[in-house]
Amino acid sequence: MKLTLRIWRQKSRNGKGKFISYPVYNVNPEMSMLECLDVLNESLIERGEEPVAFEHDCREGICGSCGFMINGIPHGPLPATTVCQLTMRHFKDGQELVLEPWRAAAFPSVKDLVVDRRSFDRIIEAGGYISVSTGNAPDGNTILVGKDVADRAMDAAACIGCGACVAACPNASAALFTGAKISHLGILPQGVPEQDRRALNMVAQMNVEPFGSCTNIGECTGACPKEIPLEVISRMNRDYWQASWKQRDELVRTITPMTEWSTGSKLKIDPNATS
Amino acid sequence: MSATAINSQLRAPSFWQSTNGKKVVMAVTGCILLLFVIGHLLGNLLVFAGRARYNAYAAFLHFDDTILWIVRIVLIIAVVLHITATVQLALRNKRARPIGYSRKEAINSSYASRTMYWSGPIVLAFVIFHLLEFTAGYIHPGSQFIRGDVYHNVAAGFSVWWVSAWYIFSLCLLGLHLRHGIWSMFQSVGYNHPRHTPLLKKAALVIAALIVLGYISIPISVLAGFVK
Amino acid sequence: MTLDAKIPSGPIELAWDKARFDMKLVNPANKRKHTILVVGSGLAGASAAASLGELGYNVECFCFQDSPRRAHSIAAQGGINAAKNYQNDGDSIYRLFYDTVKGGDFRAREANVYRLAENSVKIIDQCVAQGVPFAREYGGSLTNRSFGGAQVSRTFYARGQTGQQLLLGAYQALERQVHEGTVTMYPRTEMLDLIVIDGQARGIVTRNLITGELNVHFGDAVILATGGYGNVYYLSTNAKGSNTTAIWRAHKRGALFGNPCFTQIHPTCIPVSGDYQSKLTLMSESLRNDGRIWVPKKKGDKRPPNQIPEEDRDYYLERRYPSFGNLVPRDVASRNAKAVCDEGRGVGETGLGVYLDFSDAIKRLGEHTIRERYGNLFDMYQRITDEDPYKVPMRIYPAIHYTMGGLWVDYYLQTTIPGLFVAGEANFSDHGANRLGASALMQGLSDGYFILPYTVGNYIATNKFPKVDESRGEVREAVGCVQQTIEKLLSIKGKRTVDSFHRELGKIMWDECGMSRTAHGLEKAIGQIRALRDEFWQNVTVPGSGDDLNQSLEKAGRVADFFELGELMCIDALHRNESCGGHFREEYQTPDGEAQRDDEHFSYVAAWGYTGPSSSPSLTREPLDFQYVHPSQRSYK
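Protein chains in written order, with this note's numbering: chain R, 3 to 277; chain C, 3 to 230; chain S, 305 to 941.
Extracted from the complex, chain R is given alone in its bound form (with noise of 0.2 angstroms):
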């Protein structure tokens, strides 16, 4: 079949993007989004052209690396499914796709259709863990946890962190990403010790980063490649006001987002000089 893709081009974070349309011939039914898009690669560097940079790893719907939207929708039009495992047969031979990069503040463009989401793991590093440190853990069954508390644990554990919830949101609200976190841990009674905590630390960290606000309108739970239910984000409001409310003093502290990605190299090696 033949698809006509649209995509985003931009140079750099600063740079200003465009829409370009490639024809890709030849595409296997078989074949998932991101082997379309090396196809595609492949000819433009063939031809001396930069070929699209995009985000990928394991290609197996785990990693989180991938994503991006389809058509106006994150990840495709496929349920509960990254793009890196939605084939082509989704697709009509002729049709056309636009592949736009996931827009939001507090996820700057890096290049093409690749953002930087290190705003989600400033929330995780605000307060998303359970603070044992090695060695100190009782015998793991001192610890009941009954089947079903154990079940939902998992259902907001599922997470993968790819930033679909936030492209989805008409506010760019990373309620459902935090809330999965507050809820994962917090639904354990391994967590609970620390869940006011943490609700205050990782909803302040979210707060700083530009991200918008949650009208609860549910379009991240709808894009979400592992569905993850509203339910999260309510129990984050819950144990977020509640935390507030018995908070004694003000010492929550947001780390400074960071857009930022030079480290200064001071490296001016002649490499002629070495050798």
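Among the hints, a few may not be true.
Computed cross-link-like contacts, DSSO-like style, restricted to lysine-lysine with a CA-CA straight-line distance of at most 27 angstroms [said to hold, decoys possible]: (1) K94(R) to K106(C); (2) K859(S) to K13(R); (3) K13(R) to K797(S).
Hints are computed from structural coordinates only; laboratory data are not their basis.
Got chain R sorted already, so can you dock chains C and S onto it with the hints?
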């Protein structure tokens, strides 16, 4: 480079500064306004009980101006907070996506939820008009506003067709607003349950529909001649 | 050169205790004065970085992905073994040790494996405390499932996403240390060379993948936890980014490479569908519990599977291995699938596939039971192939999955370069010639949480670290090398893409150094790889520049290293004149076609040294001494 800039930690946003806090405020104020809308409806349905009962109800509301003003101030604060939070969040949300999508499909959200931003302002405009017409009496097209004779004011006011049409249109938008708002307020304060929330969403639809039907029955009755 | 594995003397049960007691400690106040570089943020890297940060060291951690959470440990499905004996079915540390040594076909170091089994117990405790949502019984206790190569139920799991949940646990512990300020994280940063100064590993050269900047990071110890090199075959179940560059460049700086030819081939993957195929997707081994594997008896039988009558089907595993049937170990199942396909009886459009048929199981147990057991796997299969496995038999084919080989390390996980430690799949240590299912996660976390924090400390406490800076000749030389390689790759401007070379290399490796190997084939492969490598350096084209995000350039550097590694793998496979575990040499098989080990001549670790781009590698042998588990022939008939 690391996700962290070392040694540059900021003070956390306060409850009101946080988006989550503002949504809690919107939920609480929305709830207050919803209770008012329901109470206001129940009171005004007395118009069907005849002029005397209806005017007596209106007089009862005015039996103590202090209490009336306390209620009014609570409502005004609720409206102001609700709107302030909305406007601030809307501005923030606009900044959160400086470059929009060339194409974007809605996949999961309801029509009502996506239209909150404009159903809200129109309802606000309507409320102002409504207060000027029936509370203050500054605008009262087609007849003379008579302070104290509420029955007359309502019957005369709604007999102007475009007043009724504007009223019905706005009330439908209010219904749309409530259809999302009634269950959304639970989500904002942290209640969501896989079995209860779907029921709550249905209940929100039913409550919103009843409120709309209740309110628009009044101008329709006036236009149809049941209330004169 | 002689290799000293530094195994503590005395009984194996006490070896690790003794080693830990004999180690020197670093004063807590001094720890933060020591910088430790951790390359890789998967299970081994993240757990090591987090644990060392908790101890108070100044840690710098590097990963090429945009976030440490994306490391390929995340894709492990099945579970993690631990000798907890929660099921009261007779498990013990000794039994896990025994199973692992035997499963590895007697090519692993006993003391390491025993320590691994000991640590397995603590890993589960640590992960539970971190909030890993392991599967539970209704009463709240941890539950287990069985896995290949063991007769006890000792595998802990979190649905089909055990690797993801364990990695997120380690990642969160790592992020906690980032917040504490003990760990600095460098995402999108690739290590391109090791800096060895006065015989000690003292730093790395990195490239910032967004800006192209080259940087030097100094430390008192360097830990490589960069995973396996299965992508030398191009098609594998590894992530696209998985590469050998960090360990290969360390190898070129003097670290020996242990058993490079030991690779594991997983029998149940979704077959290749066309030339564009970029990777292979694994289907859990557990499917073989209920599925029956068959191919048509006749060559080239193109009838749809449902129209092939029972008498025309060959259930070859059940026929050849009546007692184990479809549940033979991974290496045996894989080899047999290849054999029937080589005979021309393979199924599917490419002829490289065999049927895994659930119709008998569905008849016997009902579709509902099968759906409960394998529903999510069936869904994934259907999503990828568009075939309904409840109605049509699945098609499966073996694929490269794991590499048991890696940099040679001693008992302390230190390579032959002092101060260079290697953890997880990147080292050669614990699995011998074949890894048992659910053991990879165990090894990564054991190395990171419970071994390196001690052994790195011991190294720091017992060595002196003179101040080093960029003016040292070694640093300038290393950076110069990296710069030259990048400039060279960008300047060739030939006709072929990096991927086309990589695909061709992968095909050579798969054909000659894959599931079964011959001396003739390996010799041929070595020649082909050399020729292809020469062509690569003449004719590759890498568009773009070196000073921004350039994914072609990243790939080119990695493929260049795969050429050299692939050649070494063939050399190692050629020298090992025996069949063991995943290494099957056709010349060395029993009369009925099974792998034949040669313990007399090959009971050793082959540790290869780098001697230059065009000279043969040097071989050093570490003899293996089996005092507890005595080598025996495996039989599954």
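### Message
Under the constraints set out in the numbered hints, which ones does this structure not fulfil?
### Response
none
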